[in-house]
Amino acid sequence: MQLNNMMTVDGVPVRIEGERNLLEVISKVGTIMPVFCYHSYLSIYGACRMCMVEDDRGRLMAACSTLPEAGMKIRTNTGRLRRYRRNILELLLAEHCRDCTTCGNSGKCKLQDLAAQFGIKDIRFPNSRVNLAGDSSSPCIVREPGKCILCGDCVRECNEVQHVGAIDFAHRGSKATISTAFDIPLAESPCVGCGQCAAACPTGAIIVRDDTRKVWDMIDDPETFVTCEIAPAVRVGIGRELGLNISENAVGLIVAALHRMGFDEVYDTSTGADLTVIEEAGEFVERVQKGENIPLFTSCCPAWVQFVEKKYPEFLPNLSTARSPMSMFAAVIKEIYKDKLPEGKKRHYHVALMPCTAKKFEAKRGEFVTEMGPNTDDVITTQELIKMIKESGIIFKELEPESVDMPFGTMSGAGMIFGVTGGVTEAVLRKIASDNSRTTLAEIAYTGVRGMDSVKEADIPFGDKTLKIAVVSGLGNAEGLLKKIKSGEAHYDLIEVMACPGGCISGAGQPYISHRHRSKRGEGLYRADRVSTIKRSQDNPLMKELYEGVMKGKVHELLHVDYVKKG
Amino acid sequence: MTRLMSRQDLQNLRNVCQQALSLETKKILVCGGTGCVAGGSLDIYARLKAMMEERGIPVSVELAHEPHDESVGLKKSGCHGFCEMGPLVRVEPQGWLYTKVKLDDCQEIVEKTIMNGECVERLAYKQNGEIYRKQEEIPFYAKQHRVVLEHCGHINATSVLDYLAVGGYQALEKALFDMSAGEILDEVSESNLRGRGGGGFPAGRKWKSCARQKETPRYIVCNGDEGDPGAFMDRSVMEGDPHRLIEGMIIAGIAIGSSEGYIYVRAEYPLAVERLRMAIAQAEEIGLLGDDILGTGFSFHMHINRGAGAFVCGEGSALTASIEGKRGMPRVKPPRTVEHGLFDKPTNLNNVETYANVPMIITKGAQWYKSIGPENSPGTKAFALTGNINNTGLIEVPMGTTLREVIFDIGGGMRGGGKFKAVQIGGPSGGCLTEKELDIPLDFDSLKKVGAMIGSGGLVVMDDKTCMVEVARFFMNFTQNESCGKCVPCREGTKRMLEILERIVAGQGRDGDIELLEELADTISNTALCGLGKTAPSPVISTIKNFRSEYEAHIYEKRCPAGACSKLRRFVIDPEKCKGCSKCARNCPVNAITGVVKKPFTINQDKCIKCGACKTNCAFDAVREEA
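Chain order of the listed sequences is A and B. Mapping the first sequence onto this note's numbering, position 337 (from 1) lands on 337, and the numbers just tick up by one. Add 567 to a position in the second sequence, counting from 1, and you land on the number used in this note's numbering.
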């Protein structure tokens, strides 16, 4: 009977095991098909036509959108197919910007890769690329339509995964473009800055905004005191591009690199996360007791906050007023150095290293700007940090790890797992749990908050109540929950939302990672937690010091924010 | 009007209407099709009405319930198809057809024809010196066989009563009361009706496959997004006999088990939309649409969706996306539309002409239907006949009629004595056929064998003054503009093909261009996502195949053999004939002509912009155009 579900790919027999399309079957024989518009987690679009295959009767079909059938005999690489693929690439290149050397996505571009693989040398058509105006209105991402190949990955990411709907196709034929509604600037569109479009873009048509130049200038300025904080997810996202294992915790190397590049002091956003846990847990307990503004939504994720502001303002009161770890830490460190800058320094410049494009927007929010300027002066994504490291000539993997600086160099494991979906919830649960025994911690870990599932639910006993908790990543999934709550179909007490599927580890500021490998980064953070001596935020000795020191009487001013309905 | 609650009610009303119609012997039918309306037919209608009323002639606009034989029916009919001769006015009972009627003719029509029963001969159609008074005798009509278009031009297109009077909704009655859903499906399958939208897929098979789907609701969708340049078969049905389409769709609903129908009409057909709206409202009013039709418990509701002017929305999945309010882009298949169509539900999608065939099949039976045309492509097909022939317009012939009959008998041969060169069939997705293929029967399979397709039924006849490279460029320009922009081969490939064709007709063609066109055509037709893209290169492929030498003349000799490409025109002054008057030089807008007075002038070919002003202005016929 086994023969019934066999087919051959380039002569190699392969069993069909419920694959949704020929691409999945082909990948099992170790052949990589050229594709632009196929992502296993998005709907099948079938537009690039690069994955055409040929069957034994000479019929052509797109592998991405053809169901495998027993008895099929397909070839993936015939003369005809190669000719068509080369023609398609040539057609794309004729219309495309070919200034690869100055492109922000050079080296990571699929079009560049495939053009090289297929040896495209001559383009027989005039280069008729229209110099379409770019859009750099967003603080998070930059659009360069002249580099767009209209694969639609960004559109599906924005609409299917994130339910944001900021961009879609406009016009038709060779005039087709990707556009916001009525071509308004991205910054004025429903875009929330999550950057998942940029992560999906195979070319340089949507890239993360590069803010590194200003940071270099500040480092170079002897009168500027430059501090830096490293977000949890960055340490497990940076490694692979710099020669480490995929999920290796590289925080020590990052600190070393930053010191060598010239940052004056380097800290860990996990410390800020400890503050967030304490504030948010307190707020949660208070709201549960008062029964006010339940469910409580976490508000660490700036893309999520914008999503609520732009699409569901009626839920603004449900957002936690506790600032994100980045904004808490930045406010505190700015406060600390306000009156006591080191000798010879005239100003303080604080940079946050984030896995996230939306953080660039958060840093600029009026709520986090004081008369001295923004608390976070600049946000640099992991991708930009990699560029800076490479620019410095530092051989990253050969650095000796260093620890973050004192006096703000202690953090808990709870703060570190913020970078993965479920981490914030787990940290809050550790805070409100009755004890810190190993069993309790293990119990919390296994309540169902861990894992890469997009929606996770857990029931947590709390006093005489049972708290209903949901952990969701991906804005589309979050919207699903919002709708259920609105209709009364579901009730929750606490909902953790991260805009990016899997949490910050798959933030758009990180080097691109396939969905398959996302969990690896999460495991890296859980490993870091396992080896940390302090597990709970409230056990971080620095907390007491801060609450009784610099933050005394200023807790609300420094650590909280009210997101209010605009307009 | 009262709502019909039973079969008896329907039969009673039909009897009343039939009686009224039989008493209404004198009738003037003013064509209310788009072509004639554009020619002013509505003003003619109003003038006739006013004049008749002035003279005390009883005018009946609607079918009266209590008719008297003195009154003259004045109706707005659907398209007669002979649009070139419009505005058209048909006179009954004589069957006369007045052509190119003007407002000033109204008085004569009223006084001579209506009051005295005389024919206004000067308005009758003339061909080769012969006068054809009766519509059916005109060669254009004589060879036609009208089934789908039988009522177009003959009944009041805005009244359900007129439709009932000619036997309308009989098929629905039969389907509701005398047949099971399975029997309807079998009858349609047995008739071998094939989809008239282009592909010729057997309608019965599609219906059955949709009826088999487990999921509900199922939808009946009609493709009225007729977008081929020059094609207007479906428009004529929607404008001229809208109830026929509605009836066909309701029957499909009964057979497939659907209670929702959508008609997708291009927005460029405002009159069709208006007539359909009117027809749906009337059918709802008398209870032939809506809940519990004729007390059978079967409900069917109909909706009209207007397309926003995109050719690609005629593609099934783009069409359903457009109805759903999304961007009209084809999606990958499977799943097929019958499985996951409109709103992701099982959907039966046919075009207007296909549904319009259904009532006749149900009433007269599959055997009758199969008696028309060849066995594998039975029935008739409507074609829009245009180009360099004498009689252009809308025709309907049995499948299997040859091109020669269509062009030379119905179409009246080439206009202005030109020589037949080719006929483009199937619109921008089709190809051209030449002299040697004139005797091929027009049916799905025979055309497929020669690499052409019926498509939706556009026929553009071309004479020897037509440049085939330019024809290919025209169609490529159309598809490029209408490409949705989704898949790379169609979006970018057609753009490049157009670019190459443009440079060839402009005299900038290069060695290798024909081969590059062929290579692109091969890539596009094999890799494009949807039918529009896959067939986009067809006009180029077929013109290269049949007229390669014309391409070569453009590229290598910078010459257009048909003399049609303006950029390749070449004007020369015959020194023998030139008197040196300098008039040509003075009229040349770019000072390309120089010379000394009283001596022959010359044209600088590098400066010349081929406008022809010199030729027009030469009093001695000394300027010659070289092909």
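It should be emphasised that the hints constitute simulated quantities derived from the structure, not laboratory data. Incorrect hints may have been included.
[To be verified] Pairs of lysine-lysine residues, derived as PhoX-like cross-links and limited to a Cα-Cα distance of at most 25 Å, are as follows:
| id | chain 1 | residue 1 | chain 2 | residue 2 |
| --- | --- | --- | --- | --- |
| 1 | B | K1032 | B | K900 |
| 2 | A | K483 | A | K364 |
| 3 | B | K1166 | B | K1125 |
| 4 | B | K1177 | B | K1166 |
| 5 | B | K701 | B | K741 |
| 6 | B | K1150 | B | K1177 |
| 7 | B | K937 | B | K893 |
| 8 | B | K1032 | B | K1125 |
| 9 | B | K912 | A | K483 |
| 10 | B | K1150 | B | K1125 |
| 11 | B | K1125 | B | K1112 |
| 12 | B | K1032 | B | K937 |
| 13 | A | K338 | A | K554 |
| 14 | A | K340 | A | K544 |
| 15 | A | K73 | B | K900 |
| 16 | A | K483 | B | K741 |
| 17 | A | K364 | A | K108 |
| 18 | B | K1016 | B | K1125 |
| 19 | B | K701 | B | K616 |
| 20 | A | K175 | B | K893 |
| 21 | B | K1003 | A | K310 |
| 22 | B | K1101 | A | K175 |
| 23 | B | K1112 | A | K73 |
| 24 | A | K28 | B | K1165 |
| 25 | B | K893 | A | K311 |
| 26 | B | K1032 | B | K986 |
| 27 | A | K108 | A | K387 |
Taking the hints in turn, this is what the structure says about them:
Simply put, K1032/B and K900/B have alpha-carbon atoms about 43 Å apart, too far for the 25 Å limit, and the pair is violated. Note on K483/A and K364/A: the hinted pairing is violated, with a Cα-Cα distance of about 30 Å set against a maximum of 25 Å. A threshold of 25 Å between alpha carbons decides the hint, and for K1166/B with K1125/B the separation of about 29 Å lies outside it, so the pair is violated. A threshold of 25 Å between alpha carbons decides the hint, and for K1177/B with K1166/B the separation of about 23 Å falls inside it, so the pair holds.
At roughly 35 Å between alpha-carbon atoms, K701/B and K741/B are farther apart than 25 Å, so this suggested pair is violated. At roughly 17 Å between alpha-carbon atoms, K1150/B and K1177/B fall within 25 Å of each other, so this suggested pair holds. Simply put, K937/B and K893/B have alpha-carbon atoms about 40 Å apart, too far for the 25 Å limit, and the pair is violated. Between the alpha carbons of K1032/B and K1125/B the distance comes to roughly 17 Å, so the proposed pair stays at or under 25 Å and holds.
About 24 Å separates the Cα atoms of K912/B and K483/A, which keeps this hinted pair within 25 Å; it holds. Pair hint K1150/B plus K1125/B does not hold up; C-alpha atoms about 28 Å apart against a cutoff of 25 Å. About 20 Å separates the Cα atoms of K1125/B and K1112/B, which keeps this hinted pair within 25 Å; it holds. This hinted pair does not check out: K1032/B and K937/B have alpha carbons roughly 40 Å apart, beyond 25 Å.
Of the pairs offered as hints, the one joining K338/A and K554/A holds, with about 14 Å between alpha carbons and a cut-off of 25 Å not exceeded. For the proposed pair K340/A and K544/A, the alpha carbon gap of about 21 Å is at most 25 Å, so the pair holds. Straight-line distance between C-alpha atoms of K73/A and K900/B comes to about 20 Å, which keeps the hinted pair within the 25 Å bound. Between K483/A and K741/B, the direct Cα distance comes to roughly 48 Å. Violation of the 25 Å bound is thereby established for this hinted pair.
Distance hint between K364/A and K108/A is unfulfilled; the C-alpha atoms sit about 29 Å from each other, more than 25 Å. Annotation: proposed proximity of K1016/B to K1125/B is violated, straight-line Cα distance about 34 Å (limit 25 Å). A C-alpha spacing of about 23 Å is found between K701/B and K616/B, which places the hinted pair at or below 25 Å, so the restraint holds. For the hint linking K175/A to K893/B, the alpha-carbon distance of about 18 Å falls within 25 Å, and the restraint holds.
Of the supplied pair hints, the one linking K1003/B and K310/A is violated, its CA atoms being roughly 66 Å apart against a limit of 25 Å. Of the pairs offered as hints, the one joining K1101/B and K175/A holds, with about 19 Å between alpha carbons and a cut-off of 25 Å not exceeded. Of the pairs offered as hints, the one joining K1112/B and K73/A is violated, with about 33 Å between alpha carbons and a cut-off of 25 Å exceeded. Proximity of K28/A to K1165/B is assessed by CA-CA distance (about 86 Å); at most 25 Å being required, the pair is judged violated.
Our distance criterion of 25 Å between C-alpha atoms is met by K893/B and K311/A, whose separation comes to about 20 Å. As the CA atoms of K1032/B and K986/B are separated by approximately 8 Å, the hinted pair is consistent with the 25 Å bound. Distance restraint check for K108/A and K387/A: the Cα-Cα separation of roughly 13 Å lies within the 25 Å cut-off, and the hinted pair is therefore satisfied.
In summary, the numbered hints that this structure violates are 1, 2, 3, 5, 7, 10, 12, 16, 17, 18, 21, 23 and 24.
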